[in-house]
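There are 2 protein chains.
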Amino acid sequence: MGTTHRRWRLDLGYDGTNFSGWAVQPDRRTVQGELEHWLSRVLRLDEPVRLVVAGRTDAGVHARAQVAHVDLPVGVDSTALLRRLRRVLSDAIVVHALTPAPDGFDARFSAIWRRYVYRLWDSASTPDPLFRHMVTLIPEELDLGHFNAAGNQLLGLRDFAPFCKPRSGATTIRTLLQLHAERAEDLPGTIECTLVADAFCHSMVRSVMGALVAVGAGRRDDNWFHQVMTAELRHNEVLVMPAKGLTLEEVGYPDEDHLARRAAEARSKRESTTPGTGNE
Amino acid sequence: MGTTHRRWRLDLGYDGTNFSGWAVQPDRRTVQGELEHWLSRVLRLDEPVRLVVAGRTDAGVHARAQVAHVDLPVGVDSTALLRRLRRVLSDAIVVHALTPAPDGFDARFSAIWRRYVYRLWDSASTPDPLFRHMVTLIPEELDLGHFNAAGNQLLGLRDFAPFCKPRSGATTIRTLLQLHAERAEDLPGTIECTLVADAFCHSMVRSVMGALVAVGAGRRDDNWFHQVMTAELRHNEVLVMPAKGLTLEEVGYPDEDHLARRAAEARSKRESTTPGTGNE
Numbered sequence: 125m126g127t128t129h130r131r132w133r134l135d136l137g138y139d140g141t142n143f144s145g146w147a148v149q150p151d152r153r154t155v156q157g158e159l160e161h162w163l164s165r166v167l168r169l170d171e172p173v174r175l176v177v178a179g180r181t182d183a184g185v186h187a188r189a190q191v192a193h194v195d196l197p198v199g200v201d202s203t204a205l206l207r208r209l210r211r212v213l214s215d216a217i218v219v220h221a222l223t224p225a226p227d228g229f230d231a232r233f234s235a236i237w238r239r240y241v242y243r244l245w246d247s248a249s250t251p252d253p254l255f256r257h258m259v260t261l262i263p264e265e266l267d268l269g270h271f272n273a274a275g276n277q278l279l280g281l282r283d284f285a286p287f288c289k290p291r292s293g294a295t296t297i298r299t300l301l302q303l304h305a306e307r308a309e310d311l312p313g314t315i316e317c318t319l320v321a322d323a324f325c326h327s328m329v330r331s332v333m334g335a336l337v338a339v340g341a342g343r344r345d346d347n348w349f350h351q352v353m354t355a356e357l358r359h360n361e362v363l364v365m366p367a368k369g370l371t372l373e374e375v376g377y378p379d380e381d382h383l384a385r386r387a388a389e390a391r392s393k394r395e396s397t398t399p400g401t402g403n404e
Numbered sequence: 125m126g127t128t129h130r131r132w133r134l135d136l137g138y139d140g141t142n143f144s145g146w147a148v149q150p151d152r153r154t155v156q157g158e159l160e161h162w163l164s165r166v167l168r169l170d171e172p173v174r175l176v177v178a179g180r181t182d183a184g185v186h187a188r189a190q191v192a193h194v195d196l197p198v199g200v201d202s203t204a205l206l207r208r209l210r211r212v213l214s215d216a217i218v219v220h221a222l223t224p225a226p227d228g229f230d231a232r233f234s235a236i237w238r239r240y241v242y243r244l245w246d247s248a249s250t251p252d253p254l255f256r257h258m259v260t261l262i263p264e265e266l267d268l269g270h271f272n273a274a275g276n277q278l279l280g281l282r283d284f285a286p287f288c289k290p291r292s293g294a295t296t297i298r299t300l301l302q303l304h305a306e307r308a309e310d311l312p313g314t315i316e317c318t319l320v321a322d323a324f325c326h327s328m329v330r331s332v333m334g335a336l337v338a339v340g341a342g343r344r345d346d347n348w349f350h351q352v353m354t355a356e357l358r359h360n361e362v363l364v365m366p367a368k369g370l371t372l373e374e375v376g377y378p379d380e381d382h383l384a385r386r387a388a389e390a391r392s393k394r395e396s397t398t399p400g401t402g403n404e
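From first to last, the protein sequence lines are chains A and B. Each number in our numbering corresponds to the 1-based position in the first sequence with 124 added. Each number in our numbering corresponds to the 1-based position in the second sequence with 124 added.
Here chain A stands alone, though its shape is the one from the complex:
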C-alpha cells in the first residue's frame, strides 16, 4: 500500500443464514463477495477491492461485531460511502462503522482475541421460534457442570489438532482463554457457551462444542473425552455442531502502539502458504 491508498477499518454484523460463509467463492453468495462487489460499484473502481477479515466464518455462521480492513484509493468520503453501502447492501449485512485504520492495523493479524458464542436449546429450554435461526436444538438435557468441567481441561496453550480440519503448512496450536456455558438471562432458557481464544482454526469452535455436548448430554463419558482431546489428529467420533448456533460476538485488538508488532508476530506464527478458509 503506497501513498495512493489508505487503509479503512470496517465494523460489521451479519445474519449468516443465507450466505455460503465469509470468504469469496465462485458462484456462491458470500459476505465478502457481497461487500467487495458493492464497495467497488459504489466507488466506481477499476481495480478489484480486497477485504481482510478477523474471523473467516463458515457457511451459516453469524457475526455481531466482525472486523475487516480494506485499502482504498485516497479521497474516499467515508460518511457518504457508509450511507450508500447501507442503501445497497442486503439487510442481512449491516456495516456499523467505516473508520481510518491506525498505522500498522491488520484486521486479521493485529487481533489478539476472538469471542464466539454458541447457543443451544436442550430439553430444559423453552425454544423461541423468533430465535431459531441462531440456536441449535438438542434432545437431551445438558449437564452444565459436567460440560464446563470437561471444557476447563482445554484452557490454555495447546494443540487443537483433534478439533481442527487440517490445513497444510498451518499450525493448530492456539491459546484458549475462556470456555464457559451458562443459561442466558436475556434469551430465557437458552444455553450460551462462550469461547475466547487468540485465534481459532477451521471448524474448531463447532468441533469443541460437538465433543463437549456429547459429554454434557451423557452420550459419551469422561474417558472418551480424554481420548479425543489427547488424539494427534482430528477425531472421527467428534460431531461438528450445526453452523446456525454460532455467532462471532467480538474481536479484541491491542492499543494502537502495539498493532504493528502484534501483526508481525501473528503472521509469522500462523500464516500459511495456502489460502485458508477457516475461522481465525
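Accuracy of the hints is not assured; some may be wrong.
Restraint ranges, calculated between C-beta atoms of paired labels, are given here [what the hints assert, rightly or not]:
| no. | chain 1 | residue 1 | chain 2 | residue 2 | range |
| --- | --- | --- | --- | --- | --- |
| 1 | A | TRP237 | B | PRO366 | 31 to 41 Å |
| 2 | A | THR250 | B | ARG256 | 14 to 24 Å |
| 3 | B | ILE297 | A | PHE255 | 49 to 59 Å |
Keep in mind the hints are simulated off the structure, nothing from the lab. The structure displayed is predicted, hence computed values, not measured ones. Cβ coordinates follow ideal geometry from the N, Cα and C atoms, glycine included.
Knowing the structure of chain A, use the given hints to seat chain B on it.
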C-alpha cells in the same frame, strides 16, 4: 361442549414472518390453520377442530406467549399429542404446553390483559441483522421523553376509535393499562415500546405506534396528536406501523375462581355478530 369433549389450553409462540396472521383464511398459510390441520390429522378426527385464541395477530405479527383453547374428544393423551405436534409442525410454531383448561376457561374472553411489545431501531440504534425480522427501522432519532409524554395521554378507559379499523357491532372502548418506551438492555440500542390493555381492537397497537412515532420523531407536533386522539373515527394521517416490529409477549388470566365470570363479562361487552379478525 358435553361430557364427550374436554377443553385444553395451548401455550405457544410463533415467528409470524411467513404466516398470513393467526386466523384461518382460504388458501393462506395461517397459524390457526396449521395448528387445526395438524391437531385433526394427529388425532385422526372426523370432526373439524376449532381453536379460540387470546390475541388474533395480523399477518407478520409474532407471538411469544400466545394462549388458545380447543375442545377435543375425551381420552386424548396430551403428552403424546404434544410430542407428535412438535414433530410435525413447522419450527416457526412451538407449542410450549398443552394442559387441561380449568372450569370456565375461555382463551379469548377469560383474558384480563394482553401485553404487546413493539420494537424499533432509530438513528441512534445499532441494527443487529440477526433481529431484523422483529424490529422496524425508522430514519430519525426518536425522542423517548416526547413519545412517552404523548403516550401517557392515552392511558385509562377511552374510545380508541381514532386508532382502530371499524368493525360493525363491536365497541372500540378499551382500557389501556400501560404504554412505555425505553431502550432495551437485552437488545442493545433497540427501543422497546410496551403496551398493556384489557384488549386491543384491530390494528390498534400499530396505529397508536404510528401516531406516537410521528410525534417522537418530530414529524408531527403535539397539536396534531391531540387532534388525532380526540377524533371520532380512524384518522387518515395515522400510519399503521409495519407488522414485523410487533410481538404478543404475554396474556393475563384471573384466578381459576373468576375465570367463568370474567368470560361472561367480556363476552357481553365485546362480542360482535360478525366474526372479528383483529388483535384482541
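To see whether the hints hold, each was checked on the structure:
no.	hint	in the structure
1	A:TRP237 <-> B:PRO366: 31 to 41 Å	holds, 39 Å
2	A:THR250 <-> B:ARG256: 14 to 24 Å	holds, 23 Å
3	B:ILE297 <-> A:PHE255: 49 to 59 Å	violated, 37 Å
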